[in-house]
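K.L.:
Single-letter residue listing:
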Amino acid sequence: MKREEFLARVRGAAAAGRAYRVHVRDDIPARVGYVGAGPNPAERLAAEMNAVGGFAQLVDSEEAARAALAELLVRYSPKSALCWQHPLLERLGLAALLETHGVEHWSHDLLAPLDQPTARAKMFAAEIGITSATWAIAETGSLLMAATGGRERTASLLPPVHVAIVERAQIVPDLFDAYAQLEAAGVENLASNVTLITGPSKTGDLELKLTTGVHGPGKWHVIIVR
Amino acid sequence: MTDYAVHEHEEFLTAADEALADPSLQSALSMLADTLGQRNKDAFAELSDSGLLRDRARAIKDATLAELDRHLETLEASVNRRGGQVHYAADGADACQTIAGIIRAAGGRHVVKSKSMTTEEIHLNRALEAEGFHVVETDFGEYILQVAGQRPSHLVAPAVHLRIPQVAKILGDDAGEQLPEDAEKLAAYARRTLRKEFARADVGISGANFAVAETGTVVLVTNEGNGRLTTSMPRVHIALLGMEKVIPQLADLPVFLKVLARAATGQKLSIYTSMITGRRQPGELDGPDEFHLVVLDNGRSRILGGPLRESLFCIRCGACLNACPIYRNIGGHAYGGVYAGPIGAVLTPLYSGLTHHPHLPHASSLCGACQAACPVKIAIPEMLVQLREQLHREPSQANRVENAIYRLWAAMLRRPRLYRLATWLATRTIGRWPGGWIRHLPGLGGWTGARDFPAPAPESFRDWWHREGQA
Chain U
525 MKREEFLARV RGAAAAGRAY RVHVRDDIPA RVGYVGAGPN PAERLAAEMN
575 AVGGFAQLVD SEEAARAALA ELLVRYSPKS ALCWQHPLLE RLGLAALLET
625 HGVEHWSHDL LAPLDQPTAR AKMFAAEIGI TSATWAIAET GSLLMAATGG
675 RERTASLLPP VHVAIVERAQ IVPDLFDAYA QLEAAGVENL ASNVTLITGP
725 SKTGDLELKL TTGVHGPGKW HVIIVR
Chain V
-12 MTDYAVHEHE EFLTAADEAL ADPSLQSALS MLADTLGQRN KDAFAELSDS
38 GLLRDRARAI KDATLAELDR HLETLEASVN RRGGQVHYAA DGADACQTIA
88 GIIRAAGGRH VVKSKSMTTE EIHLNRALEA EGFHVVETDF GEYILQVAGQ
138 RPSHLVAPAV HLRIPQVAKI LGDDAGEQLP EDAEKLAAYA RRTLRKEFAR
188 ADVGISGANF AVAETGTVVL VTNEGNGRLT TSMPRVHIAL LGMEKVIPQL
238 ADLPVFLKVL ARAATGQKLS IYTSMITGRR QPGELDGPDE FHLVVLDNGR
288 SRILGGPLRE SLFCIRCGAC LNACPIYRNI GGHAYGGVYA GPIGAVLTPL
338 YSGLTHHPHL PHASSLCGAC QAACPVKIAI PEMLVQLREQ LHREPSQANR
388 VENAIYRLWA AMLRRPRLYR LATWLATRTI GRWPGGWIRH LPGLGGWTGA
438 RDFPAPAPES FRDWWHREGQ A
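Chains as they are written, first to last, in my numbering: chain U, 525 to 750; chain V, -12 to 458.
Since the hints were made in silico from the structure, they are not lab data. None of the values given here were measured: they were computed from a predicted structure. Every residue, glycine too, gets a C-beta built ideally from N, C-alpha and C. Possibly wrong hints are sitting among the right ones.
[To be verified] Quick list of the computed label-pair ranges, beta carbon to beta carbon:
| hint | chain 1 | residue 1 | chain 2 | residue 2 | range |
| --- | --- | --- | --- | --- | --- |
| 1 | V | Cys354 | U | Arg542 | 30 to 36 Å |
| 2 | U | Glu707 | V | Glu171 | 23 to 29 Å |
| 3 | U | Ala571 | V | Asp4 | 45 to 51 Å |
| 4 | V | Asp78 | U | Asn574 | 43 to 49 Å |
| 5 | U | Glu587 | V | Arg187 | 41 to 47 Å |
| 6 | V | Gln373 | U | Ala539 | 18 to 24 Å |
Required output: the full structure, derived from the provided sequences and hints.
P.N.:
Shown next, in the form of structure tokens:
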């Protein structure tokens, strides 16, 4: 249908429909629905993540975070990892850690020179995804992942195990705060893909029983440096 | 694979009777209230002022629809700014043609789909298959239904009417091997099978839970991750948007996200909430090269300009289905349309014509549980009553017996003496009926066939008042 014709029809309908507007009270406080994180955002974040079937671990130093990550690499013994390029992961010495454990390391700078079919095959074959997050939301136990080159959306999606490492400065109390951060960065700069992740992949499609790992990672680990 | 017949189970009463007599369906449905229904209540209890938050969501919908044309224009400009294309489709056929055209122009052949009720509404799969495209549903429930050739029976749990052994049979027959009757193993089978489809697909088609006008963002709320794969792996992403799903700004989104997952499944947020803005940006290794947004009217503008406009507030959470005593007994297929339950009883007559679905507005006890469960407080019972009134004015629906009874009743109410005589007679005849309930009324079998008629009291209130009340 022609654009003008379509919009003209909507314009007429919207105008006619104003006769049937519903009455909604006009004294709704601006912050209605704000929950927040309470006094200990990192603890709240961990508790919420565990409640949705994730495995959250609170650690007190980057040293301890590296140890926790090393333990996961031993537990899952992946052959290859699909990783974000992120300052926190660099500080942890992720590349060296993967090498120590004999895990193939794939991230943006190593994948970009490959031809597309090869790069895709590497992404599909990865057995663990290692990322940080853009923000972590304590109220809901979510990671906010804004995609850019180097922070691929597939790292938290294709492998059966996803490990994310976040630090205290990345934690916001409430979902509303996360959106305020996106607004502050300028809505015109919104990443091509921003995904909130709140737990391991699940389905309730069979008799409403929760089954994990249908498409996304069935195992979801978050290491929180407080 | 075949699409389900569009008008299968059109006859509501027959379909409802069949559903009531189906023990497998009855046991599948019996889980709804205890799981989804209860989780919904618990999740809202955590929000101290959830009633006000729902009012805010409702107010945003109302204000947006009042100027929908303007918001659509803003949306289009935003999508264009980010390198995407917007297409407008007047109806289902128009949308199917548009989408097929995009796929052809992109040289696509293998299509993966994430769950979308709007694509079900326009019967997109059938249209694309007729064009020779290979189309695969990737939501686990939708995949099962596509293999079985069935229609979704619930907005968010499309295969809720099936038990695990039935699913094992459906998928096993398709795979040509025996599959275990085990939820985890069946899910693992689907993951393996569908990964191959994601690897080779060149086009991904999604719906849209919301579209943010100021940013050109399409929002997808899912639990499995298939929505993310559908919009990240293929080189073309096409999103089909029911035009009422537009919200003006990014700041409006958390208001809806806070109520949507709670109402749908009792989660604070669904596992994945994806905000997709245009195609991939330079330097990104994944994400589509092309982004197309197809904006669908298909009867929505007709509804927008009329008294049942509020039905366009619906965010498709399914809470009214879980809350409805009728839905929980007859399941989704009996409603005859793509949308089931209380909101389906409103939407289906609005979209496909009231006289084609004369029983749907009556498929409700008007108990109000749907409105109480609705995250945007849609006045569903009131709308059903309005539809009943419209039906009453339809000459094709005239019922001579019913009209005669109401005329008689009205005549009696206008003549006090006649009324008193009638009640006196009634209390002294059928008022003495043993048990107080009448199981069969001659000439009114349609009414007493499914429920008992309350016998009048043995004494009228007036008589009692004359005797006792004035003392």
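K.L.:
All the hints need checking, so say for each whether the structure fits it.
P.N.:
Hint by hint, here is what the structure shows:
1. Range check, Cys354(V) to Arg542(U): Cβ separation about 31 Å, and the 30 to 36 Å hint holds.
2. The supplied range of 23 to 29 Å is broken by Glu707(U) and Glu171(V), whose beta-carbon atoms lie about 41 Å from each other.
3. Between Ala571(U) and Asp4(V) the beta carbons are some 49 Å apart, a value that agrees with the proposed interval 45 to 51 Å.
4. At roughly 48 Å, the beta carbons of Asp78(V) and Asn574(U) sit within the given window of 43 to 49 Å.
5. Checked against the given bound of 41 to 47 Å, the beta carbons of Glu587(U) and Arg187(V), roughly 44 Å apart, stay inside it.
6. Checked against the given bound of 18 to 24 Å, the beta carbons of Gln373(V) and Ala539(U), roughly 21 Å apart, stay inside it.
The structure fails hint 2 only (numbered hints given earlier).
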